[in-house]
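Build the full structure now, drawing on both the sequences and the hints.
There are 4 protein chains.
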Amino acid sequence: MSSVFGNCIKVSIFGQSHSESIGVVIDGLRAGFKPDIDKINAFMKRRAPGQNAVSTPRSEADEAHIISGLADGVTCGAPLCAIINNTNTRSKDYSKLKEVPRPAHSDFPAFVKHSGFNDIRGGGHFSARLTAPLCFAGALCMQLLEKENIYIGAHISSIKDVHDSDFDMVSVSKAELEKLKNAPVPLLNQEAWPLMEQTILSAKAEGDSVGGIIECACTGLKPGVGEPMFDGIENRIAQAIFAVPAIKGIEFGRGFESAKLFGSENNDPFYFDGGEVKTKTNNHGGILGGLSSGMPIVFRAAFKPTPSIAKEQDSVNLLSKHDEKLKIEGRHDPCVVLRAVPCVEAATALAVYDLLLENV
Amino acid sequence: MSSVFGNCIKVSIFGQSHSESIGVVIDGLRAGFKPDIDKINAFMKRRAPGQNAVSTPRSEADEAHIISGLADGVTCGAPLCAIINNTNTRSKDYSKLKEVPRPAHSDFPAFVKHSGFNDIRGGGHFSARLTAPLCFAGALCMQLLEKENIYIGAHISSIKDVHDSDFDMVSVSKAELEKLKNAPVPLLNQEAWPLMEQTILSAKAEGDSVGGIIECACTGLKPGVGEPMFDGIENRIAQAIFAVPAIKGIEFGRGFESAKLFGSENNDPFYFDGGEVKTKTNNHGGILGGLSSGMPIVFRAAFKPTPSIAKEQDSVNLLSKHDEKLKIEGRHDPCVVLRAVPCVEAATALAVYDLLLENV
Amino acid sequence: MSSVFGNCIKVSIFGQSHSESIGVVIDGLRAGFKPDIDKINAFMKRRAPGQNAVSTPRSEADEAHIISGLADGVTCGAPLCAIINNTNTRSKDYSKLKEVPRPAHSDFPAFVKHSGFNDIRGGGHFSARLTAPLCFAGALCMQLLEKENIYIGAHISSIKDVHDSDFDMVSVSKAELEKLKNAPVPLLNQEAWPLMEQTILSAKAEGDSVGGIIECACTGLKPGVGEPMFDGIENRIAQAIFAVPAIKGIEFGRGFESAKLFGSENNDPFYFDGGEVKTKTNNHGGILGGLSSGMPIVFRAAFKPTPSIAKEQDSVNLLSKHDEKLKIEGRHDPCVVLRAVPCVEAATALAVYDLLLENV
Amino acid sequence: MSSVFGNCIKVSIFGQSHSESIGVVIDGLRAGFKPDIDKINAFMKRRAPGQNAVSTPRSEADEAHIISGLADGVTCGAPLCAIINNTNTRSKDYSKLKEVPRPAHSDFPAFVKHSGFNDIRGGGHFSARLTAPLCFAGALCMQLLEKENIYIGAHISSIKDVHDSDFDMVSVSKAELEKLKNAPVPLLNQEAWPLMEQTILSAKAEGDSVGGIIECACTGLKPGVGEPMFDGIENRIAQAIFAVPAIKGIEFGRGFESAKLFGSENNDPFYFDGGEVKTKTNNHGGILGGLSSGMPIVFRAAFKPTPSIAKEQDSVNLLSKHDEKLKIEGRHDPCVVLRAVPCVEAATALAVYDLLLENV
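Residue numbers (the working numbering), protein chains in the order written: chain A, 27 to 386; chain B, 27 to 386; chain C, 27 to 386; chain D, 27 to 386.
Please keep in mind that the hints were generated in silico from the structure rather than gathered at the bench. Treat the hints with care, since some could be wrong.
All copies of an identical chain are treated as equivalent in the list; a pair is satisfied when it fits inside any one copy or across any two copies.
What the hints assert, rightly or not - Under the rule of at most 30 Å between Cα atoms (straight-line distance), these lysine-lysine pairs were calculated in the DSS-like manner:
1. Lys248 to Lys173
2. Lys230 to Lys200
3. Lys36 to Lys248
4. Lys200 to Lys122
5. Lys353 to Lys200
6. Lys173 to Lys207
7. Lys353 to Lys304
8. Lys304 to Lys124
9. Lys60 to Lys286
Dropping the structure here:
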């Protein structure tokens, strides 16, 4: 199995980069909820390509079309299916890749796993295009979470070595997350963007690419949500997040830095704040023992630079079994981080909403 | 749900720190395998407390007793259950903790989640003691993996700011991993230990604790194992690994560092090595698109410092609803990293073995 | 959850009787299989309405359209999604049913479960129309099973009190099952049909309906497939079969009759038939301890009479909370048994194929 | 997988007839529930062997011992594990069965499935002894259901051709079910017992065995519990029930008989009974579209005669590959139906409780 997520909801994502359509089935949605379709489309537009100079010129409307699950626009308890048609595919670009796999892509192991029957066009099911239905599902779950006053938002923490400031993990708020979503670029400090953009464009000019880090927060989750051991919040968010292509690391709260602290520095002291238990610091990132502590959940995910670059690379020919040079044609993002921000939010929303249902 | 892991095997871990027993049921084991019990016990001993100056003096044999699943010492297709009795429990140490939660522990959210019925003694089901059955299950899976020539091994990458050297991600081998298991301390450079030990003991002397990083490798996995999206190797290892208490981050291959590289630096070029496709570098940590590439799988996990420290800390009284100072009594590891090495290996083994079965 | 089936494949069925489309996602299909689309459509046509005097005049092409999962017509390892558009819906027929539930239908409990937000049009997700994607998925699995020489076929055992003869459970063969599929009506004795048809039509003339029994066989399954306890062949076939609306009972082998036999009568003696272990009789219906014995799997499923009848019935008004007479308008099958034959085969195919993968 | 049941709880049953212990882990129990252990033991005693002339003389206390999951006798949110030691095993009785499988037992397919490594002693994991932990889990779930005013009870509907009367499916009540549990024999009419007993004992005297039918009811379930398609109440009860050895059929409500009725006879008319919607008849057995209707759930399960009989039988020698006569030694029930009554209740309780949690 692979593309099914969730214990209480079942989110089943299907499609390939160049199949007729891609989409998602969400089973387990409660009846009586009227999704705000405009809001979903606005969310998905943040992920869609072709919107600015730093992303791939492949331009698709990426509007999800709901073909089941609603009656009069309201969830009726039936599984909801949304599809997105693939309209702007140029399959011929990919014809040679089956033989000569792109470095840092799934091409080679997918070829082996599927005995050469993998759909190489655009990376097939491994394509980042599959984050479109992920975003649809996430956008829907976010609306359901927002009804419970739970908000999820993310920003670009860094692109290569250009940094935004980071969340104050103690005080990050719904208002701050909403502001991020309406900002021109998802940054706490908009003034970081010009340098980030320049970093991306200069890499692009060189036929190269760059990566970065996204920081995500979730506010409003009451204490005690989650499960011990394998189904803790960290486990489940991590399981969901690594579905977003190019992510190579995740850390919660103080993360890798906490490995360098004394316990007396890293432990977050409790105190009562008007009847509610809070912690003075939030090195634990809102999660203790797999459960929510009531403090904001904060984590960071590291994205490798886009593997598709224009520079010539060393590869192999899987059929002739010789080394071969590869020059990738086609349209590619020199940096996926900007478009990945809603994907990270969406994957987080799936995990958090599923855990919330499990803890009703 | 919570303490059940796996698609093809179902590993169900049970018990609390101070319940009569803890243990594990493993369903889905193929018949005809004769586990090497001595080797399992040797593996578990690496995790057991009371073995040296840097770990808790709680001393328990921690021998797992198999009560089902074997016939004449050989798996018979029935679920295998192993139990470990809790013999050396001092429940009185924990009597006050239900009211006054320990900072950085699960006590507070567990209290809320379970409406005050959580088992506070030793942390209950959230205790690191539950890694004993995890290690049992992992040791068994490692033996099954070794039959397929797949080896898993880990070492301490750092304790606080004292570093071991790291794996050469391209060349790390079965021989190197086996050597690690027989080393006095799981370090690539044994000479790093005195300074690590001193760091731990001096923290202990201050009533404090330290964290660290563990690096883990898995060799011998053929290309093409894994699944796209939610069940990729990263997703599944991450889901398993966060079951080990105190882990706050995980990164695969070059991890967070890759966010700072150009694509042309981070992409690992392919080449043919005597009929096998390999990569010249291994920044991808053996995983592309969720699938194994055939290169060693390498990841690092960050452990926060042990939350239980002797120093007085700020907490709250959940019943009287006032702030309250807390001084933790009892026996605690000033650093869990050393004992956590087999736990990381075990969790990895569960994830890899389950994925391997899924890809038969 | 609800509409997801399988451990090794995940079959996720979506749609409502009057939603834009219905369909199915099948995750976990191996790459490299070229489905015979014509054969699938021919299979689905057996289920489609409007084909003869005894079924509903609602006429729909019911052609499934595959929108993902294939590359060049061959499975590529990506989840396969097929949709069927709902073209011939007359939603106005159902407008009053939300208030006044139809006896023996899901209307009333669905109204309660979904707080009145259930899609009442045509029964929504509870409609027998959802057996169309079930048949698609089953037809695909049957092709995969046939590659392993495993055949599934069913016939009408009875309609009301008119009986076909039953399978010889010892000797039922692939040839016999194939003959059934090409027969005008799925009967072992075609001469039973006129009386069956007359029974149906005379009930229809009275504004009434009738039920019946379907007998299904699966040949070619090697011994030892299945699992003990909750995932035995009986458990899994039963779980799948009750997804077909109107089924109220299932029995394997000699079934309810075996409750009246002596052990010495019911036990099936073993013997060697040219190196293969067989049983002289097959009262066990090919399943022992949840596992296949190598003998044909045979079971019978009982269908209640179609709940939608033209006769006036006693019901209630859920809004005004008074008893109310109901006269159902619209188009309905006076007997679902004929069209249910492929549905039973399809549900069986899902269960058997999933278990087969689990026992590779 | 095999021996794990449930979506919201995970019930994992382990053990073999002659392993050191058998038992069960139940994950997902809510904290704060104090199980009545005496009541559980009393329930399990109804299943235990050696209690009367019609059951096997194997005599075991069958007391379940809880080794985790409670704190101060109350569930604490941790998985609950209970074990039952196998004390009275006579493994030598079974030494020859691996070669010469018992007709109508799992011996032959288990030998094939597990390549001869199956535990043949007492049937291993396929033994009816595994219904002891099933009963433990079921007894616990029944207590949880009873807190919601949901009651489950069963009676012997028939043994061979001797019949008890059946439930009035419309009016069967909690009081009636409780009375059954305290009756000397689970019969609605105690006077049916002498003839049943005589039927069993006379079969026993002949070295033979008999089967029968158990009827089970569940009262107090509110309308709307359950799921469409694969997770309906029928699907889930059937999946659970077939875990009880020797069951070959299940029917809900009017079951197979409904296949012979007109729709106008079988449809259950609705009416208002003091604000509650009820049906005048209950041919649907309390389930419509997979959901509870609020009427009592009623089903019947058919048990084949005990396969272990003293009479000589035809079998084969799997090693020498010749036909061979078999005479089964050891202790066996001439009829399992009496002891199976609590097993049917227990399996039903697992399914109903799990669905109830899913529908909170």
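Which numbered hints are broken by the structure, listed smallest first? 2, 4, 5, 9
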